[in-house]
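Based on the provided sequences and hints, a complete structural model is requested.
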Amino acid sequence: MTKPLTFAVPKGRILDEALPVMARAGVVPESGFHDKSNRSLSFATEKSDMRIIRVRAFDVATFVAFGAAQAGIVGSDVIEEFNYSELYAPVDLDIGHCRLSVAEPVEGAGAEPVANASHLRIATKYPNITSRWFERKGIQAECVKLNGAMELAPTLGLAGRIVDLVSTGRTLEQNGLVEKDRIMPISARLIVNRAALKTDQRVADLVDAFRAIANKAAA
Amino acid sequence: MTDSINDLLPEGLQDRLPPLAGQAAHIARAMLDNMDSHGYDRVHPPLIEFEQSLAGRMDGVQPRQMFRFVDPRSLRMLALRSDMTVQIGRIAATGLADAPRPLRLCYAGPVARMTGDQLDPSRENMQLGAELIGSDTVAAAAEMVCLAIDALKAAGATGISVDFTLPDLVDTLAREALPLAPEQVDAVRRELDAKDAGGLRDAGGEAYVPLLYATGPFDEAIEKLAAIDAGGTLATRITALRQIAAQAAGKARLTLDPSERHGFEYQSWFGFTLYADGVRGVMGRGGTYHIKGKEEPATGFSLYPEQLADAQGLSADIRPKLFLPIGHDRDVAAALRAEGWRTLAALDAGDDAAKLGCTHRLDGTVPAPL
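If you read the sequences in order, they're chains A and B.
With the first sequence counted from 1, adding 1 to any position gets you the working numbering.
With the second sequence counted from 1, adding 2 to any position gets you the working numbering.
These are calculated hints, taken from the structure and not from any lab test.
There's no promise every hint is true.
[Said to hold, decoys possible] With a Cα cut of at most 25 Å, we get these calculated DMTMM-like pairs of lysine to aspartate or glutamate:
id : chain 1 : residue 1 : chain 2 : residue 2
1  : A       : Lys146    : B       : Asp119
2  : A       : Lys217    : B       : Glu222
3  : A       : Lys138    : B       : Asp188
4  : A       : Lys12     : A       : Asp50
5  : A       : Lys181    : B       : Asp204
6  : A       : Lys4      : B       : Asp204
[Claimed, not checked] Covered by chain B, according to a simulated footprint, are these stretches of chain A (three or more residues, beta-carbon under 8 Å):
id : stretch
7  : 19–32
8  : 60–73
9  : 149–159
Think of the CB as a built atom: it goes at the ideal place given N, C-alpha and C, for glycine as much as any other residue.
Put into C-alpha cells, the structure is as follows:
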C-alpha cells in the first residue's frame, strides 16, 4: 500500500482564502476541519490517500522541508525567512497578498535615520530576511525576535524599528507607526518537498492541478 | 560512571551502535565490492590536507565550511576534508597523473563539516563514491549512472529513482539564447532553485519560466525541454540526455529537472541525483566536472551509505547468531563459521544464549534453533 500524502495548511490569515483554491484542486477536508470546537490537528480529505494537517504558518514550511508533509500552502514571507533548500514553491496562488515592510515611529521620533546608521535594533518575526536586507544596505541589524504585537516595540523602547507584514496599514497607524521601506511583496504559494516531487507522481500531479488553477485565474 | 557534561557529544555528532553500525558497514562493503567488480580501483586519501589543496581543485568548494587549523610543522593552514571528490581530483592530477586514462577509482571514508543545518544537523558523514577520470562524454556519464544504480541495488536499496539535470544550463542560456544581465543571473538562478515562478518573473527571468514546467518523468519532460529549446542551443545536450536515459532505462525510475542546481556546485554539463525508498532526502549525487590544475574532464558520483542503513533500519539485521556452549567442538564451530554462521562462544557457564542475542545453540554438531 502506498503511504498517504500529507498536505499542510497554516492556521489563520491565508487559510480562508486558500480553502476554495484547494477545493478546485480536489483537496477537500472532512467536515470536522471547519468545526471550531474540534481539537484535532490532522484531518481526512475526500481523497482516501491524502490527509490535511493544520499547523502554524512557520511550521508548514518546516514540516514540508523535512518531508513529514509532502506539500502545503504558506506565504512567501515564511519561505524566504527559512530559505530551506529542500523546499520548492512552484505555484503562486495569487491569494493572501500583503507586504513585508520596515516601520518606524511617526515623524522619526526616537529613531536615528537609516542612512547614517551602521547598526540598528529591530523587532521582528523575520530575523533572517531582516538582517539580509539591512546587510545589503551596509547595516548590521540586531534583531529582537518577537512572535506577535511587534507594533509595541518602538513605543516601549524595545527596538527603534520593526519589520512586519502590512496589508492595509491600519495596525501601524493605530500604534503610531509609519511604513517606511517595502522589503518584499508577499503572496501565498503552493510548496512541495523536493524529494517527494521527484519520487512520487502524486505530488507532481498535485502541482499540475494547482498550476492549472493559477493559470486559469491569471488569464 | 558517566559524567553527563563531559560525556556529551558535540551537536551533529553521534556514535553508531550495533546493529546499525554493522548494517552501515555491510552496505558500504557491498557498494565497494560492486564498484570493484566493475573495475574501479580503491584509493585512500588522508583525512587532513592543506586547505589550499582541498579548495583549489574544483570550483564551488567552500573552505569556510571546513574545520581548519594551523599545522604546527609547516605553519600552513590544514583542513579536515568535507568532500573526498576533490582529493580524488588531486590524486589524479599528481600521484596518478601518468596512469593510463580513463582512470577508474573508488573510495570511502568519513567527511566532516563545520556546521550542520536544521534539515541535516549531522557534521560527520560517511562518503563513498566512484570517479571516472579523463572523460565526461555521454558514454562516461551513462557508465556512472548505471554503476550508481547497480551499487545501490547491490546494497539492497529499493525504489531507486534518478533525477537528471543540466547544472550549467542557466550560464549556457544566459550567454546568447535567453540573455540576462550579469547582475540578474544570481537572482534568476535562486528563483529557479526554488521553482518559484512568481519570483522568477519578478527577477526578470520571464523567459526562463517554461524551464520550470519541463520537469517530471523523463520521457515527457525531455519532450517539453526540446519544445522550448531556444534556438537549438540545447540540441546536443538533449540528444546526450536521451542517450544516457536509454542506457539506464528499466534499471530505475528516471526523471528530468533541467534547472536543478542544488548540490551541483562544481558539475559542468551533466548531473544526476539519486533517491531510494525510505531514504529521507538525497541518497547520492553525481555528474561531470573539471579538475583544475591538470585541466582534465571527469565524471563521478558520491553516495551516503549511512542514509540507507537508517532507511533499512533494524529489520535488516536478522542474521542468525549461533551460541557455542562451554566445551563445544571447536572444529565443528570453525566449519560452521566457514559455512557463514556467526558464532558467539560462552565465556562461563552462566551465559544466557537468548539474552546475548543468539538465535541458535550448538547441540553436538548441529545448530538447534532456540
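Evaluated hints:
{"no.": "1", "hint": "A/Lys146 to B/Asp119", "in the structure": "19 Å, holds"}
{"no.": "2", "hint": "A/Lys217 to B/Glu222", "in the structure": "23 Å, holds"}
{"no.": "3", "hint": "A/Lys138 to B/Asp188", "in the structure": "18 Å, holds"}
{"no.": "4", "hint": "A/Lys12 to A/Asp50", "in the structure": "22 Å, holds"}
{"no.": "5", "hint": "A/Lys181 to B/Asp204", "in the structure": "21 Å, holds"}
{"no.": "6", "hint": "A/Lys4 to B/Asp204", "in the structure": "37 Å, violated"}
{"no.": "7", "hint": "19–32", "in the structure": "violated (count 0)"}
{"no.": "8", "hint": "60–73", "in the structure": "holds (count 4)"}
{"no.": "9", "hint": "149–159", "in the structure": "violated (count 0)"}
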